[in-house]
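Residue strings, one per chain:
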Amino acid sequence: MSINLIVLYWNYIIVIMLMMAGLYIIISNQNFIKKLVGLSIFQSSVFIFYISLGKVSGGTAPILTGIEDTVYSNPLPHVLILTAIVVGVATNALGLALVVRIQEAFKSIEEHKLLALKKEDGLKDIQIEDSKEDSAV
Amino acid sequence: MLILDNIPALLVAIPLLASAVVSLLPSARIAWGFAFFTTLICLYMAFELVGIISSTQALSYAFGGWEPPWGIVFVLDSANVYLVLLVAFVSVIATLYAYTMLAREIAVEDLPKAYAVWLLAIASLFGLAMTGDAFNLFVFLEISALSSITLIALGAGQDRRALLAAYNYLIIGAIGATFYVIGVGYLYAATGSLNLIDITDRLNELGTNQAAITGLAFMLAGIMVKAGVFPVHIWLPAAYSYAPSAVSSLLAAVATKVAIYYFARLLFGIFIDITQLVDFFLLYILMPVSVLAIFYGTIAAIYQSDFKRLFALSSIAQIGYITFAFSLNSHSGISAGFIHIINHALIKGALFMAVGIFALGIGSRATMSSMQGVGRQMPITFAGFVLAGLALIGVPLTAGFISKLYLFKAIFETGNGFYVALIALSSVLSVLYLWKIFEVMWLKEPVQPLKIDKEPASAYLPVWLMVGVIMIFGVYSGEVISSGIGAANALIGAR
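Heads up: the protein sequence lines correspond to chains A and B, in order. For the first sequence, the positions run 1 to 137 when the numbering used here is used. For the second sequence, the positions run 1 to 495 when the numbering used here is used.
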């Protein structure tokens, strides 16, 4: 990729980097809150993507000034992202509320500990639990 | 007529407003009454809509007088009007069922709020079924996801694993929804429009466009997560099995079906200009994946002993049948898919309701070991359960038979006998897990007395209402078949 292309599209490159970073955090982290942080980064990268789409170089806010030949940025992606931010906040709030409840119920929010807990105190996955009972019957 | 003209908007607005009112009501009983009355109004409006569509073919409702493509529109045609009716019907029955069942599964003081979220979920399903705006769909998708997650998490009072199931759904669902938004962004960059019909027109002018194709891929991936299509279904079994039984029956019946409908609309209704790519996707990706889904779901269900999880796995197989029908890429294939959307929603709703009543009867989760002889102790529910089970297999005189019949008809049109054998084999396999359940519940002696005096009539009545409709559609199937054919006509044109 030529330097020119990087300079021209640097915002999109950052979007992709953030997106991958967010997805990686969600997949690799064991901690439920860190997963939500990853989700936030992932969603934010999409917000930046939309805002980059709407930007017209040299454009101003779309307010009618009466001056002819004014270049305006496209306001629609910004409005859409305003909605998406609200949705993202709601998702994160619900996710954090669930994490609080998980901490109360299981005394842990680490994925590997929860899996280990399932094995220890008979809270195994139903599939394993019942296949034993069935063979006993 | 002010009300009749605004039915599409009211179908979303009324449950939305009612949900705010319900959350403030002091008593659970009043809250239920209000919610039930709301769903009845929605059912009435859905019937009105069917009447309007059968005379005018299509309806476009522009919000606030902003004409498309600038404003947000709700589009109704013969592809989605029956889906709206299905959502309305199932939500009435599920709310009736919730009167007894939800009250016994979650704390009384939480009930009004639970009904508020319940109505929110119903409102979002109506919105998903009707919207003709790509970004508006994302908003409804998220309302539906957040309300379903809350409802699933309510199962924590019974089993704390509901919380983990809800959390997993939240993370996977949010990734799916964000993928969908990325896709919409690409499409907007390519066409400059969010209106689905306008996008089609502009894409036809543009010709093959790399950004639009990428956008399509992202959107489909996101929708597939929501629809529980096989490789991205992992949130589904746990979510359905730990949710309260009323919630499982509502979600299993209609939540994934609405996403599947939109999946079909994206594939067949919008991206006309890249037919070759869509053909490739259908033949080499969707078809193998659907066959895998059918066999994975069915075989996993055979080895599963928890009833709710078993039927959740069987749902994955049934969604596989629907996507398989779509992947045949023919008029009769799409009709078969839409017929099965309606029939499977009714069948799976009835099955989840019946399993909930069994679990209530024995006071613990319904599993192969705990359910011995329960069929004899609860004969009324069990009879309805067996009929719904027969419909799931596809026995003649039930609605499931009509689905299978039209699926086979669509396959025969392609002239590929291999697929006929595959579908027949999977039907035989599904007999195995249903026979296992029948054997445990009916042929074994009861091991423990029931925790309740008798089967609650308010709980088995909804099951029988569903089963009644399944049997009626099995004999007088004209309406369902014509709805499926109408859907195919609306999506790819009459043949």
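One thing to keep in mind: the hints can contain errors.
[What the hints assert, rightly or not] With a straight-line Cα cutoff of 20 Å, these simulated SDA-like cross-link-like pairs (lysine to any residue) come out:
no., chain 1, residue 1, chain 2, residue 2
1, A, Lys113, B, Ala190
2, A, Lys55, B, Ala190
3, B, Lys113, A, Arg101
4, B, Lys113, A, Ala97
5, A, Lys55, B, Lys113
[Said to hold, decoys possible] Okay, the calculated bits of chain B under chain A, using three or more residues with CB under 8 Å as the criterion:
no., region
6, 134 to 143
7, 162 to 170
8, 183 to 189
9, 253 to 262
[Claimed, not checked] So, partial list: chain A residues that the calculated Cβ filter (under 7 Å) puts toward chain B:
no., residue
10, Leu39
11, Phe42
12, Tyr50
13, Val86
14, Thr91
15, Gly95
16, Leu96
17, Leu98
18, Val100
19, Arg101
Honestly, the hints are just simulated from the structure, not real lab data. Computed from a predicted model, the values in this text were never measured in an experiment. A virtual CB, placed ideally from N, CA and C, is assigned to each residue, including glycine.
Cross-check of the supplied hints:
no.: 1; hint: A:Lys113 to B:Ala190; result: violated, 46 Å
no.: 2; hint: A:Lys55 to B:Ala190; result: holds, 15 Å
no.: 3; hint: B:Lys113 to A:Arg101; result: holds, 17 Å
no.: 4; hint: B:Lys113 to A:Ala97; result: holds, 16 Å
no.: 5; hint: A:Lys55 to B:Lys113; result: violated, 42 Å
no.: 6; hint: 134 to 143; result: holds (count 4)
no.: 7; hint: 162 to 170; result: holds (count 5)
no.: 8; hint: 183 to 189; result: holds (count 3)
no.: 9; hint: 253 to 262; result: violated (count 0)
no.: 10; hint: Leu39; result: holds, 6 Å
no.: 11; hint: Phe42; result: holds, 6 Å
no.: 12; hint: Tyr50; result: holds, 5 Å
no.: 13; hint: Val86; result: violated, 9 Å
no.: 14; hint: Thr91; result: holds, 5 Å
no.: 15; hint: Gly95; result: holds, 5 Å
no.: 16; hint: Leu96; result: violated, 10 Å
no.: 17; hint: Leu98; result: holds, 5 Å
no.: 18; hint: Val100; result: violated, 10 Å
no.: 19; hint: Arg101; result: holds, 5 Å
Checked against the numbered hints above, the structure breaks hints 1, 5, 9, 13, 16 and 18 and satisfies the rest.
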